[in-house]
Each structure stands twice: as structure tokens, then as C-alpha cells.
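Once you've looked at the hints, dock chains B and C against the given chain A.
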Amino acid sequence: MSDVAVAPGSLAVAAAAPPRHGSGAGVRHDFQYRDPAYQSETAIAGMWLFLATEVLFFGGLILSWIYMRHGSRAGFDAGARRTELVIGTTNTAILITSSFAYALGVIFIRAGDTRRVAKCLAAALALGLAFLALKFGLEWRDDFAHHLFPSDPSFPMRGSAEAGARLFYVFYFIGTGLHGLHMLVGIALVCWIIARVRRGDFSRDYHTPVIAVGLYWSFVDIVWLTLYPLIYLVGRG
Amino acid sequence: MTMPDRRETAPQGPLDRATIDVRAEAWRLARAWGALVVLGAAELAASYLPLPRGLRPLLMIPAALMVLVVAVRFMEVRRGPAIVRAFAVAAMFWLIVLLGLGSVDPLTRTDFPVDQPRVK
Amino acid sequence: MMAGEGPVSAQRPVTVEAGEVTGSYLADGHTLKSWLLTTDHKRIALLYMAAITAFFFIGGSAAALVRLNLVVPEGLLGSSEAYNRLFTAHGVIMVWFFLVPAVPVTLGNFVIPLMLGARDLAFPRLNLFSWYLFMVGGAITLWALFVGGVDTGWTFYTPLSTSYSKSHVVLAAVGIFISGFSSIATGLNFIVTIHRLRAPGLTWYRMPVFLWSLYSLSVLLVLATPVLAITLLLVLLERLFHIGVFDPAFGGDPLLFQHLFWFYSHPAVYMMILPGFGVVSEIIPAFAHKRIFGYKFLVWASVAIGVISFFVWGHHMFVAGTSLYSAVLFSILSYLVAVPSAIKVFNWLGTLHKGYIRFDAPMLYALGFIGLFTIGGVTGLWLAALAADVHLTQTYFVVAHFHYIMVGGMVSAYFGGLHYWWPKITGRLYPEMWARAAALIMFLGFNLTFFPQFILGYLGMPRRYATYAPEFQVLNVLSSAGSTILAAAYLLPLCYLVWSLLYGERAPANPWGASGLEWRTPSPPPTVNFIETPVVTEDPYEYPPPVAAEPHV
Numbered sequence: 000m001s002d003v004a005v006a007p008g009s010l011a012v013a014a015a016a017p018p019r020h021g022s023g024a025g026v027r028h029d030f031q032y033r034d035p036a037y038q039s040e041t042a043i044a045g046m047w048l049f050l051a052t053e054v055l056f057f058g059g060l061i062l063s064w065i066y067m068r069h070g071s072r073a074g075f076d077a078g079a080r081r082t083e084l085v086i087g088t089t090n091t092a093i094l095i096t097s098s099f100a101y102a103l104g105v106i107f108i109r110a111g112d113t114r115r116v117a118k119c120l121a122a123a124l125a126l127g128l129a130f131l132a133l134k135f136g137l138e139w140r141d142d143f144a145h146h147l148f149p150s151d152p153s154f155p156m157r158g159s160a161e162a163g164a165r166l167f168y169v170f171y172f173i174g175t176g177l178h179g180l181h182m183l184v185g186i187a188l189v190c191w192i193i194a195r196v197r198r199g200d201f202s203r204d205y206h207t208p209v210i211a212v213g214l215y216w217s218f219v220d221i222v223w224l225t226l227y228p229l230i231y232l233v234g235r236g
Numbered sequence: 000m001t002m003p004d005r006r007e008t009a010p011q012g013p014l015d016r017a018t019i020d021v022r023a024e025a026w027r028l029a030r031a032w033g034a035l036v037v038l039g040a041a042e043l044a045a046s047y048l049p050l051p052r053g054l055r056p057l058l059m060i061p062a063a064l065m066v067l068v069v070a071v072r073f074m075e076v077r078r079g080p081a082i083v084r085a086f087a088v089a090a091m092f093w094l095i096v097l098l099g100l101g102s103v104d105p106l107t108r109t110d111f112p113v114d115q116p117r118v119k
Numbered sequence: 000m001m002a003g004e005g006p007v008s009a010q011r012p013v014t015v016e017a018g019e020v021t022g023s024y025l026a027d028g029h030t031l032k033s034w035l036l037t038t039d040h041k042r043i044a045l046l047y048m049a050a051i052t053a054f055f056f057i058g059g060s061a062a063a064l065v066r067l068n069l070v071v072p073e074g075l076l077g078s079s080e081a082y083n084r085l086f087t088a089h090g091v092i093m094v095w096f097f098l099v100p101a102v103p104v105t106l107g108n109f110v111i112p113l114m115l116g117a118r119d120l121a122f123p124r125l126n127l128f129s130w131y132l133f134m135v136g137g138a139i140t141l142w143a144l145f146v147g148g149v150d151t152g153w154t155f156y157t158p159l160s161t162s163y164s165k166s167h168v169v170l171a172a173v174g175i176f177i178s179g180f181s182s183i184a185t186g187l188n189f190i191v192t193i194h195r196l197r198a199p200g201l202t203w204y205r206m207p208v209f210l211w212s213l214y215s216l217s218v219l220l221v222l223a224t225p226v227l228a229i230t231l232l233l234v235l236l237e238r239l240f241h242i243g244v245f246d247p248a249f250g251g252d253p254l255l256f257q258h259l260f261w262f263y264s265h266p267a268v269y270m271m272i273l274p275g276f277g278v279v280s281e282i283i284p285a286f287a288h289k290r291i292f293g294y295k296f297l298v299w300a301s302v303a304i305g306v307i308s309f310f311v312w313g314h315h316m317f318v319a320g321t322s323l324y325s326a327v328l329f330s331i332l333s334y335l336v337a338v339p340s341a342i343k344v345f346n347w348l349g350t351l352h353k354g355y356i357r358f359d360a361p362m363l364y365a366l367g368f369i370g371l372f373t374i375g376g377v378t379g380l381w382l383a384a385l386a387a388d389v390h391l392t393q394t395y396f397v398v399a400h401f402h403y404i405m406v407g408g409m410v411s412a413y414f415g416g417l418h419y420w421w422p423k424i425t426g427r428l429y430p431e432m433w434a435r436a437a438a439l440i441m442f443l444g445f446n447l448t449f450f451p452q453f454i455l456g457y458l459g460m461p462r463r464y465a466t467y468a469p470e471f472q473v474l475n476v477l478s479s480a481g482s483t484i485l486a487a488a489y490l491l492p493l494c495y496l497v498w499s500l501l502y503g504e505r506a507p508a509n510p511w512g513a514s515g516l517e518w519r520t521p522s523p524p525p526t527v528n529f530i531e532t533p534v535v536t537e538d539p540y541e542y543p544p545p546v547a548a549e550p551h552v
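Protein chains in written order, with numbering that gives the first Met the number 0: chain A, 0 to 236; chain B, 0 to 119; chain C, 0 to 552.
Just chain A, with the same shape it has in the complex (with noise of 0.2 angstroms):
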């Protein structure tokens, strides 16, 4: 999304613009671009309209959702029931946390703090990564273990229940994985700035990249914050 260096071959303008970083002169911009906030902006928007195709994506996760529940309530709720409440509750502490940490770091940069913006964007990553953890190294391994994958034949509910909460864990496996996916990619973009960063790429001028995967990022924990209540709350009770 950040189309903001010039590409290969599209231009010779490459060789003879200064280099990126720097003052504020040596910003360089496409030639379609009048200026290189203008391209910056222009990127930015581009991030946003990204997010909103995400929102209809899981949309239609929702939607599902909504069927799924209507169809067999105290089934699915029955399901809702048995995740682990604790290991969801930490996982909303760890993200709404990581988000901020990476906005801070939006903050640094944009005064042009570039060492601060490392240690921001470490800790977003770390959060992160212990969520990962979290989740798939620890809830998913439990519900393996007590069989809750909705085609395990020795599913432990039986009854009147079942369908439902067969239905449920599909939702949750379905979901929480596509997350999980987001939150690989978002790991490995921050990843990707960190490294940018550590090189000297970006400075008070010139930070694009920092603020679209910032978005991106944050992004993924507003999914999250939709998922959460979705997942442990709505059905316990």
C-alpha cells in the first residue's frame, strides 16, 4: 500500500531524487502526486479504504453468526458456555494495549523520535506475539483436547444441545483463525517497519508506512473487540 517510493522501472526519476530521508526537501513523490503529503494523504486514504472492504469481510462472518445463534439458541449458547473466559479476557487486555503502544509510537515519530519509535513498535510486537501465544498455543490446544473441533466425533455434548454447539465452535474456530491470519500479517508488517526503522528510513518528514500498518494494526483489534463479546460473552449467561 505504500506507494510511496517509486516502483522499478516505472521511472528513471529514482536516480536523480535525493535521498528519501532527511529534511523535507528530500521527500520524493510520484509524478501524479502535486507534493509528497499529498501522496502521503493519498496513501493513508487508500489504507482506510482497504479496512472498510475488511469490515464487509468479516461482515459476512457476522452474518453468519447471526444464523447460526437464531437457528439453535440454547445450543449454541450451551457452547458459548465452555470457552475460557480468562484466556479471552487477557487477550482484549493484551491488544487494546498493543494498539496503543503502536499509536504512541505514531506520536514519536511524527516528532521525529525515531529510537522511542523502535521501542513503541517492539512492545506493540511482543503484546502481539503473546496474544498468538495465548490463543493458539494454549485455548486452541484445551479445546483440542476436549474435542471441541465441531467435526471431532467424541464432541463432549450430546442431546438437544449439540447441533447448536457444534454450530458455535465452528463460528469460534472459523473466527478466532481468521483473526489469528490478521494478526500473522499485522506481526509480520510490523515486523517489516521496525526493520525500516532500525535502518534510519523514516523520519519526522517521511513516515507513511509507520501510520498505514499502524492502521492496519489497530484494525485487527477492533476485530478482536467485535469477536470478543461474540465469542465468550453474548452466550454466557
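Think of the hints as simulated: they come from the structure by calculation, not from any bench.
Think of the CB as a built atom: it goes at the ideal place given N, C-alpha and C, for glycine as much as any other residue.
Hints should not be assumed to be uniformly reliable.
[Unchecked claim] To be clear about the criterion: a stretch of chain A counts as covered by chain C if any three or more of its residues have a C-beta under 8 angstroms from a C-beta of chain C, and this derived list gives those stretches: (1) 26-39; (2) 42-53; (3) 66-72; (4) 157-168.
[Said to hold, decoys possible] Label pairs and their calculated CB-CB ranges: (5) A:D34 x C:E537: 23 to 31 angstroms; (6) A:R157 x C:G77: 46 to 54 angstroms; (7) B:T107 x A:G158: 22 to 30 angstroms; (8) B:R84 x C:S33: 55 to 63 angstroms.
Frame of chain A; chains B and C shown alone:
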């Protein structure tokens, strides 16, 4: 939504050379983080209320507020060009269309369930 | 809505010292690498055009075999299995690899920056990436179709696709899933470009209707395609792990699939036709040499279609067991979407009224579009009516209806636009007489192929069967005969357009005497599109009366 092209008047965005009050901005983020924690705790506490099954989706309200806080404070949806807001609003509008029109059918349909859930 | 955002100011000036190329984009590098790694929107448009053409003829061959099978009542191929795979191949390729992308990624990619007075799209590398995604998705889908095919129809309805089909559903769905991201990337690029890269003075109401149509189309691409992605993903997961999202035996709901699928696929119909509206809205004023009638109605009709098309998907499910309330709601909303479509038809007719009409090939295609689209649209109202739909759904009436929109409308518009912008794209004029002949033959062949299908459907011949009752044979033979004419008509442009690349007359900058920024730069345009950023000072379609105009080619 008639926003004049703000770049002409006041510099915005990454090239903003005005000094940034890092401390004030950081506090603002910290307050947002606090608000998220409070909202999350309220959501968790509310889930222990004896709500009837049909009303339990109301637990999504604090979640929606948390999403709003993240969008406004961490993602700074109010910063940058007006189309950013337009894109965010469009996403919400079409999400509501998908969920709203999509649930008319199951909520008003008479289902004739299969006899017994098939056990594998 | 966005009208107040204000025009965008000038771009960075290009300098020859910086190595920027001001010569023709076609001469800017002749190596394979200069094409496959290009970020020039004009070259990417040509890459797409090559791919789209190949898909069109592959999908067309499948259709030819379908029509061949239906020449005799018992089915010439003698195998229902093979027949199912053929019409699925035809549908999958034509919908996802021709109709949805055709105009946007070729003509749109080429013309949008030119119409905006911009040097390129907002994200040139994303544009190239989307082509690679398209090719990978297309290759996987073709592979699935060639190693044995899919027998579910292009709609992948559950539980056939998830539990019963023994064909290559997984592979085909993966291919479509990947190419969907190509659509999203293209739509995203167009929206951001139209917002951010308009030339100085180019306000929203000075934009040609083509840009409004493609803007509206792009909104559909970016907001509906993700829902297709999650739908296909759920189908894949259900097929691979038997988890029961759509299987009532596990408490799931097969109608959920249809809701999700049509939330994408009904807007997809408008993804196919909106660019057609845009192309026709350029051609009609150019060849009537007259200002377009009711400009604001036209552009807001495009926007209205884009929005309302999301509210109507339930009309595909009237007989599927949805609730009556839902059916009534979706029926009313479906009637609503006909209003902006009709506004457009009246606007085109109003433009023709008292115009100075020239019947060049693009105009013949555009006029054909108006007539055939109107027939397709009006028969759509029959299908939106609850009672009539019960009789007509799942018959050849539906097949004829959507082919009038897709082939009669959209394919006509694609050929019209291709001929209209051919001189700009290639720098060569095509042979006019051949082109007019092809347009007329296409129109005749099309009607002979598909009009009998309205009657067949009304008489009750069901769609998607390899065999039929003997009393339907005469009309089926007529239809198959028409399809041979149609096939010949499609091969003609392939021949004479390629011929014109080598031997065609050199095109001037503005062979049609048309308005619009794309005609103010040489044919073919330089790599930078405009040496100096143009400044727009007038409304679109400012055509002087022809007495004052210079004589054209």
C-alpha cells in the same frame, strides 16, 4: 461534507512541521487506553446480568463504543482528508445493510427443523 | 456529497532531465520485462486486454459446445455430467474472468487517468499486482476446469458444492477467491484516483459520465467482493472439514449461503453493466455531436444504482424458502432499482433527439446496447414480481433475460468502447466498413440466439438440463443457429483489429471530434500522458454545432 481543501490553509499530515506536544498527545492516548479498559470491564460485568437470551446481543453496545474509541484515538479517523471519514462511514453503512437486510429472512421465517441432529 | 472537495491542483512537472519519457508509451521499451514489470496504467491495460480476450474465447467455446449439445432433444454430447461441467465452465469464466473485469481493467485502466488529466493511477504498483493476482486466479480456475471441471454451476450452491459434488470445487473456488482480490485492488485504485488525482478545474460535475460510472462500479467492487471471499472460504472449509455452516443436518442453513452469495452476486450484475452505461454515455454524445441530455440525472442515476443494487439480492431466492416478508421487501426494492436504469435510457434517447447522428461502428454498438439493455431490463421486472417469478424462475426465460443484459448490453458496450478508444490506445484507425458489418452481424446473431429462449422459458423449458422435450426443438435449433452467427461476428474484430495494428491508418489525436481530456493528448499517448497538466475550464460534452466544427476523418 463540504470540506475545503485544508492543505491550502494549514499544513496537515506527515509533513506537518509544527511542533508536536508529545506529552499531551501521549496522555490523550493513555486516557483512551483507560477508557477502553473501563468499557471492557463494564462489558464483562454486564455479561453476568441475567438478561433474557434475545436481549443478550445488547452486550455488543460497549463493544461498539470500544471500536469507536480505537477508530478515533488510535487510528485518528478525524485526521487527514475528508474521504477517510467517507470510507469509514461507507463501511459502516454497508455493514448495516448486510446485517440488517440479511437478518430479515431468518427473523421472520418459519423453520421446520429436521427431525434429529445427525450424529456422526 | 463529495462535490465540495474541490479540484486538485497541478502535478509535479515532468522534466526530460530527470529521464521522464515524453514519447509514445508503446515505444517506451520493447523488452518482455518492460511489459511484465511496467507500472504504466496504459501498458497494464493492454496486459489485461490480452488476458481478457483469451478468457472471452475460452468461455465462448464452452458456450458453443452447450448450444451444440442442445441441437437435439436427447443432447448431442450424450452426457449430463459433461454438459453440467460445460455450462459451469462457461459461467465461471464469463462472469469472473470476462464480464466483471472487462471494461474496468482494460478501457477503464487506460482511460481513467487520461480523462482525469492525471499521469497515472494513484497506486501504479498495486495496479500491476492486481494483474498478477488476476492471472494466478485465472490460471488456477482454468486448471480446475481442464482437469475435470466443476458441475455446480457458477453459483456454487450448497449443499451440492459442499457435500455432493465430486468435481473440482475446491480448486475453482480458490482461483475465484484469488481473482476477487484483484477486483478489490482495482476498485480501490480507481476510487482513490478519482478522488485525489483530478486535474485543476476538474470538479465532480465536470467529470465525464464514464468516470462516475466507474466510480460507482468501484464502490461495488470493494464492498461486495469481500463478502464473496468469506462466502467461498466458508464453502471451502465446509467441504474440507464437514463442519456444517450450510448443512441443516448439523443445524446450519443452506439459505445463509444464498444470502451471502447474492449479496455479492447481485451487485456483481451491476459491476458488469455500470461500465457499459459509462461507455455508452461517452459514445452517444460524441456521435450525436450534442451535449448529453440531463447530465446530473445521469450521474446520480449511476450512484443510485450503485447503492440500491445492494438492497435487492433477495429476489434470487423467492422460491428458495425465504420468509414471505423478506420476499415482499426484496421485490419492492428490486422494482426501485429499475428507476435509475430507466432514467439513463431516457437520457440517452434525449441526447439522440435532434442530434447530428453519425453511424460509425461505436455508435452502432451503443444503439444496440440501448435496445437490448431495455429488453433485458424490462424482462427483469417480470422476474422481480413475486407471482410471475414462480412461473419463470429456473427456466430459459431467466437465461434469456440476463444474456440480454450481459451479452446484448455489456459485451456490446465493451466492443463499442474498444472501437471508440482503439485509435487512442493503438494510434491506428480500424477499418470502418468491417467494423460496421461486425456490429450488425453481432446484433442479428445475438437476437437470433437469445430471443427464442424467452419463448422457450415462457413455455416452461427448464435451464441447466442436457436434454429437453421434443416440442422445444425448433426454437432450440434457431438459438443454436444464431450462436454460430454470433461466434463468427466475435471472430471478425479479432481479425481486423489485429490487422489494423500493422496496416491501419495512423490515427490523429482526436479522430471523432470528441470532447474529453483523453482526446487532447496524442494517439497513442506519451508515457507521461500529458506533457503539461491540462486545466479544465468547461463542462463535459461541450460540443459545438457541427456547422462550426471542422470536418473529421
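Against the structure, the hints:
no.	hint	in the structure
1	26-39	holds (count 8)
2	42-53	holds (count 8)
3	66-72	holds (count 4)
4	157-168	holds (count 4)
5	A:D34 x C:E537: 23 to 31 angstroms	holds (27 angstroms)
6	A:R157 x C:G77: 46 to 54 angstroms	holds (50 angstroms)
7	B:T107 x A:G158: 22 to 30 angstroms	holds (29 angstroms)
8	B:R84 x C:S33: 55 to 63 angstroms	violated (40 angstroms)
Checked against the numbered hints given earlier, the structure breaks only hint 8 and satisfies all the rest.
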